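Based on these hints, arrange chain B on the given structure of chain A.
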Amino acid sequence: ETGVTQSPTHLIKTRGQQVTLRCSSQSGHNTVSWYQQALGQGPQFIFQYYREEENGRGNFPPRFSGLQFPNYSSELNVNALELDDSALYLCASGRLGNTEAFFGQGTRLTVV
Amino acid sequence: AQTVTQSQPEMSVQEAETVTLSCTYDTSESDYYLFWYKQPPSRQMILVIRQEAYKQQNATENRFSVNFQKAAKSFSLKISDSQLGDAAMYFCAYRSLLGTGTASKLTFGTGTRLQVTL
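Those sequence lines, one after another, are chains A and B. So our numbering is basically just the index in the first sequence, starting at one, shifted up by 1. So our numbering is basically just the index in the second sequence, starting at one, shifted up by 42.
For the record, the hints were derived by calculation from the structure and aren't laboratory data. There may be inaccurate statements among the hints.
Pulled a few chain B residues facing chain A out of the computed Cβ check, cut under 8 Å [as the list claims (entries may be wrong)]:
1. K115
2. F133
3. R137
4. S138
5. S146
Anything over 12 Å on all C-beta distances counts as not near chain A; from chain B, calculated [as the list claims (entries may be wrong)]:
6. V61
7. S64
8. E71
9. L89
10. T102
11. F106
12. S107
13. K112
14. A114
15. G127
16. A129
If you're wondering where the values come from, they're calculated on a predicted model, not measured in any experiment. Note that CB positions come from ideal geometry on N, CA and C, so glycine has one too.
Isolated chain A (complex conformation) (with noise of 0.2 Å):
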C-alpha cells in the first residue's frame, strides 16, 4: 500500500466529451505528477504540480491540465477525448527533492 488512491478505477467516455480523473495523495506529499500508460507501454510523464502550481509538463497539449489542492488531492482533466487517450492513467506523489515517487492504481479510461 502506497498511500495514494486514484478513482474512478475504469471510465468509458464517448470521443469529444470531457473527463476528470482524482488522485488523492498521502499526507505531506507536496508534489503529484500524471502518466499517461497505452497498453503495452510504458509509463509517459504528462506534468508535475507542486504547491499547486504545474512546474513541468511532458510532451501532451494543453487540453490535458490538472489541479493540485491544499489537502493533498489532484485532478488530471482531459478535454475533446480523442481515442488514442484510451490508457492507464497513473498519479504519484512524493516530496519534492525526495528520490521516491509513490504510485496509486490507476484510472483506466477507455474513449469510445
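What follows is chain B alone, placed relative to chain A:
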C-alpha cells in the same frame, strides 16, 4: 532527452531460479537515479530498487540486486530465488537530478513481462 530501452518483452523463470532483466539508457547527464518498478495485475507501480549514479556499489534489496555499468549505460536487475509472487511487468526508469519540476519526471522503458513457472 533521456531514453530507456528494455529489449526483452517477456522472460520466464522457474520458481527458485535466478533471472536477469536487461535495461539500457541514454543520457548526457553525469548524475541521475535509476529505478526498477514492478507492476502486478493490480496496476500499482511498486518500487523494487533504486541506484544513484554517483555510487559505484550496486544496490541490493533482499533477493533483488542490480548490475550498474555507468560507462556502458546499462542497468540490469537480477532476481534470485524467484517466487510466484514475482510474476509481473517490470519497468526500468530514469530520473534526472537537474533542477526541479521535470527533475522529478520518470522516464520509463517499455517493460518486461516476467512469468514464474513451477
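Now the hints, each set against the structure:
1. K115: 17 Å, violated
2. F133: Nearest chain A Cβ about 5 Å off; hint holds.
3. R137: 7 Å, holds
4. S138: With Cβ-Cβ at 10 Å, over 8 Å, it is violated.
5. S146: 6 Å, holds
6. V61: 19 Å, holds
7. S64: Its Cβ never comes within 12 Å of chain A, the nearest being 15 Å, so this holds.
8. E71: 15 Å, holds
9. L89: Answer for L89/B: violated, closest chain A Cβ roughly 6 Å.
10. T102: 17 Å, holds
11. F106: The claim stands: F106/B keeps its Cβ more than 12 Å from every Cβ of chain A (closest is about 15 Å).
12. S107: Given a closest Cβ separation of 18 Å, the condition holds.
13. K112: 17 Å, holds
14. A114: 21 Å, holds
15. G127: 16 Å, holds
16. A129: 17 Å, holds
Hints 1, 4 and 9 from the earlier list are contradicted by this structure; the remaining hints agree with it.
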